[in-house]
Every structure is written in structure tokens, then in C-alpha cells.
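Note that the protein sequences, when read in sequence, are chains A and B. What the first sequence shows, in my numbering, is residues 1 to 337, in sequence order. What the second sequence shows, in my numbering, is residues 1 to 337, in sequence order.
Hints listed in this document are in silico derivations from the structure and should not be mistaken for laboratory results.
Under 8 Å between C-beta atoms, here's a sample of chain B residues computed to sit facing chain A:
#, residue
1, I291
2, L304
3, G311
4, G312
Every residue, glycine too, gets a C-beta built ideally from N, C-alpha and C.
Now for the letters of each chain:
Protein chains: 2
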Amino acid sequence: MSIRISIIGFGAVGQGVADALMRTAYPIKVVAIVDSRGAVVDAAGIDLASALQRKRETGTVALPDTDEGAAADTAGMTALDVIGGVDHEIMVEATPTDISTGGIGLSHIRRAFESGRHVVTSNKGPLVVKYTELCELARKNDRYFRFEATVGGAMPAINLSNETLAGNRIISIEGVLNGTCNYILTRMDDEGVSYEHALGEAQELGIAEADPSADVDGIDTAAKIVILANSVFGMDVGYDDVDVTGITKITPESFKLAKEEGHTIKLIGEIQEGVLKVAPKMVPRNHPLSIGGTFNLASIQTELAGRITIGGIGAGSVETASAILSDILWIEQVMRG
Amino acid sequence: MSIRISIIGFGAVGQGVADALMRTAYPIKVVAIVDSRGAVVDAAGIDLASALQRKRETGTVALPDTDEGAAADTAGMTALDVIGGVDHEIMVEATPTDISTGGIGLSHIRRAFESGRHVVTSNKGPLVVKYTELCELARKNDRYFRFEATVGGAMPAINLSNETLAGNRIISIEGVLNGTCNYILTRMDDEGVSYEHALGEAQELGIAEADPSADVDGIDTAAKIVILANSVFGMDVGYDDVDVTGITKITPESFKLAKEEGHTIKLIGEIQEGVLKVAPKMVPRNHPLSIGGTFNLASIQTELAGRITIGGIGAGSVETASAILSDILWIEQVMRG
Chain A
1 MSIRISIIGF GAVGQGVADA LMRTAYPIKV VAIVDSRGAV VDAAGIDLAS
51 ALQRKRETGT VALPDTDEGA AADTAGMTAL DVIGGVDHEI MVEATPTDIS
101 TGGIGLSHIR RAFESGRHVV TSNKGPLVVK YTELCELARK NDRYFRFEAT
151 VGGAMPAINL SNETLAGNRI ISIEGVLNGT CNYILTRMDD EGVSYEHALG
201 EAQELGIAEA DPSADVDGID TAAKIVILAN SVFGMDVGYD DVDVTGITKI
251 TPESFKLAKE EGHTIKLIGE IQEGVLKVAP KMVPRNHPLS IGGTFNLASI
301 QTELAGRITI GGIGAGSVET ASAILSDILW IEQVMRG
Chain B
1 MSIRISIIGF GAVGQGVADA LMRTAYPIKV VAIVDSRGAV VDAAGIDLAS
51 ALQRKRETGT VALPDTDEGA AADTAGMTAL DVIGGVDHEI MVEATPTDIS
101 TGGIGLSHIR RAFESGRHVV TSNKGPLVVK YTELCELARK NDRYFRFEAT
151 VGGAMPAINL SNETLAGNRI ISIEGVLNGT CNYILTRMDD EGVSYEHALG
201 EAQELGIAEA DPSADVDGID TAAKIVILAN SVFGMDVGYD DVDVTGITKI
251 TPESFKLAKE EGHTIKLIGE IQEGVLKVAP KMVPRNHPLS IGGTFNLASI
301 QTELAGRITI GGIGAGSVET ASAILSDILW IEQVMRG
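Looking at chain A on its own, in the form it has when it is part of the complex (with noise of 0.2 Å):
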């Protein structure tokens, strides 16, 4: 039997997850998309591809109202409404991050535990408002939380340090964890550009965005160290309780200088007894951290193992679909058993 799943947020994550489970051969059917305009629901399986195109034609997933049996059910559905009242098995949430306050997100997550679905997400807000609420209320329910996109994308950290690596006490992580970030400072380390410059061109390629602040002064990679901290150290912490550093003030001087001592720059986000920061930071060029381009990287050190690296690409909407198709996958086999 196939395992049901709804998409709740259809955006460039919301819609990589669909494109990736239209390339593979997976038992997962979507009974359920919503978007910020409407909803569509069946319970036989959605048709993906006539889902996408109707997203990229009229801006939403919703049935037109022409179409009167399918959209009269669906009418006036809330994602609320979907996860409550719709049978399925996991709900993704993938609806844009709010990490002030955890937004919608936030309660289509407590809805999905509540109504017995298990929940994969891509959005960080909620994992770094109310972390230790959402975990305590997925295991009253015996539900599954599962959020591995919410951290680096392609990047497998969360499940490389507390699966793969089981047994092997982790120390610290350092990490690479913003592709934005990080290509601007790849291209003022290759190119003796000014901040501004490597800025402008990545907004030119879509790399950083309009607003570049959630990326550029550290928020995003905060959040994404707030969520290693919780999940992976066992700690109970919140954006408040980061010291963070962006990058905006980096410039093409300190690139000169750390260059003649054999290092570069990079935007590190970093737990190291207890204490969570993100700042600038000297990185040796033979380092695996002095990672170029979007790639990601976290330095992981481990008790055992000693340093274990783990690299992916940051960001994109294929990749982080895998993220979530990966989680979608890992509770499908512990379901099958």
C-alpha cells in the first residue's frame, strides 16, 4: 500500500517535492496541496504534473471554478481544515520560515501530531520557536518529526550525526551553512571584490535575494544552529541564545590579509560547549570548511570518530526536496517495518 502524504505550503520547496516523486517510482501518493489560495484533495492520488502546471498557469493549485464537482469539495478548505480532515499519513510542511514567530507553520505542525499525522518540513521557524513543544507533542501522539531540510539543504547533517554516526558522541559542529553567504565570499576571495559587488551579482543570479538581510547578517544560519543545538545536542535553546555576526562589514582588505597568512573568510556557524555563535572567521585554504561557491559544509567532532565532514549543496528546491523525500522515505520503511 502506498503512504499518503499532503503538501501544505506549495512554493519552490512545495513544488520540488511533487517534481522529485513524479521522477521516482516511490509508494507515496499526495492526497492532499494547499497553497496560500486554495486547496486541492483526492483521495485516489493527486496527478502531479496537471498540479504543476495549474500552479505555474493561475498561481495556484486550487481547481478552478469551472471545474465544479472536484472544486466544490475543496472549496474553501484551510490547510487546518486539510490536515484535520483529509486521511493521510504525513503531512510536509513546507510553508515559508517565520523564525520571530514560528508563523503558520507553527499550528499545522501541532494540528498534523494532534490529528496522528507524522510531519517532515523544510521550515525552520517552527523548529526554532518551539522545538521541545513539538517534540514532546509528536511523541505523546507517537508521531514522527522529521526535518533534515531545515538545516543545509542536500546536506544530510542532522541524520548523519544521530543515525549514522549512533554511538559516537558528538563534541562540536562548525559549518558552512548558508550558500549565499558563502558565494559572496567565495567571489570576494577569487576576486578582490567589495562586499556590495559580490552581493549585487549574487542578487543578479537569484542567489541572494531582494532583501539579501536574513542571509547576509546571519539570521538563516542562527536558526539552522539553533536547531542543531536542539536536536542533536539535546539542548533547549532559542535564536535569543546566539551571539551572531553577519557579513556585511568583510571587507576586501581583510580578504588581503588573511589570504597572506594561507587562510580565507567564511561565515561559520558553531556549538562548542554549549555556547552557539556565528561570526566571520579565519579558515585555513586545505581546511574541508574553506568549501567554495553555494556547498555547504559542517565540521563535525565526534568522541570516537574524530572529524567527520558532511557537504552538500545549500539551497535549491530539488535539493531540498530530497531532504524531505529522504525523511518521507525513512518513515515509510520504519512503517512497512
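Start from chain A and add chain B according to the hints.
Chain B in isolation, oriented as in the chain A frame:
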């Protein structure tokens, strides 16, 4: 209840496992240890500190004849007797690798599955020679077969590919998979010295063996490529299916030329479109595979997630033991449900 294990082979890796278990509080009880000169068995759990001390002082883990009662019980017990006759759940096979015949490890693993034991091993030989047969035997007896420690010491490439990256079709793998070769090549690159000089240095430091051929001729890397091909790509290949070139012919001049183009030289094992190859290769300096020292790194090209890299210390008894321990704990967790 504790899970009961035997340790068959008590060299550097076997002792590393005992050492790691002494440092941790996991529910794992060692009920038998066998080395080439004898065995010790204790259903209540072997005192690991004494066993390690005895091995250091007498050259064997077996109890001396004077310790009558206990010694009498195990006198003359072979590894096969212990595997078949002593009650336990997991057999840890850590005897030396023989990739031509599979060595004694092959019969140990067969006996273990036939006796209803799960198997965790660091021994490449049986996997290179009889992978398909052993997997079939494991399946038939409904036992687990785990061998993360066979490839790259602490670097968890196999379980990462098969479990953490579930849902991602793996397209190709390229890896720096031998710490000894990587150390030699890193020294040649950094210092401009000859192969012979760097090898001598590695031998002095205990990084290369007196007879370094298994490492420097690429044999060890090829064995790991065979194991990855069989376990990650589902192939059914052996050592003869790999095209192997070692590092003994590389000159300081080659490094000079590589440097001029911003490259270095690494011994790369690769699996690409069904072709298995080990050979020195030019690698750009900012590429993850340019990693230096005794570090190992695998670059895994996936369909959805793009390139994922995983790195770790390539050898060392504690590091290899950590991979064995992760595999034991994986089985322990699955058994516990």
C-alpha cells in the same frame, strides 16, 4: 537487556572496539573474544580492562593455564566453536583482510549467519570475494550484515548512501579512500619531495607499513571500490573488475605541472556508469577531493541532491572501532524496535 557480542580477531581493531565499549555506557556485553592463540568466554560479560591488559602482556586474550577453572572451559575452543556454540546476538569479525581468498573471516561470517548471529565486520576480504553469497546467507537466516568499517575507517560512506540518502538514486562515487596514499601524496605536494622520501616518512610515522604495496599499489582502494559497487550500486563484481593503477610512479615533476594549473594529484577510486577504476588523478585545489593528510573523502553524485561529500579519518583503531560500534548500535536499536 544487554545485547551480547563476540569479538573475533583481537588486533588493533578488535582492541579498539573493546576500548570504545569501556568508554561508553551502551547496553552491549562482550561474551567472547577470540584471537589467533586462544579464546576467552564469559556469559556474564568479559572484564574488558583485564582482557586488554592480558593481550598486551601475554600476547593473547586467552587466560593462562594457571587460572584453572575458567581456562579449562575455553581451552582449545576455536573461533568457529565460539561463533557456533556461545550464545550471543552479534559476531564482530575483525581478523586481518585477505582479498584474494577472503581469509578465515569468510568461514567466520558463514558460521555466524548459520548459527543465527548478526554480523558486523571491518574485514574487506569476505566482502570482496563473496559479497553476494554472504548477503544471500544473511537474508536466508534473517540476520543483519553491516560493514561500514570496511570502507574509509570513520567515514560513514556506505550507511550514508544507503540510509541517510534514502530516496536519492546514486549516480557515481569518486573517493580518496586510502589514508596512507593520501598522506604520501600530500607530502609530495606540500614539500616537493620524491615518492620514496614521502613513503619513508610515512613508514617512520607508522602511517605506512614495512611492505606498503597493498596501499601504494592501489589494492586497498580497489577493494573498497568493489565493496561500494556491490553494496551501494547493487552490482556483483570482484577485484578483477577494477582497473587499478597505484601511486609509485608519480614524480615531483608531475606535481609541479599540476600545481601550475591549480591542481593537485590524488589517488581516486571511482564508480562511474558501471566502470570501476583506481588511478592517480588531477584534482582542482578547491575541490573537496583535494583534502589533505590521512583524511578520506567520498564525493557522491546523486540524482536529486546533487553532489554530497562525506569525509573522515581513514584509519586508526579507535576510528574504525567507531564505525563498528555504530553498526552494532544500529542492530541493537532495530532489535529493540
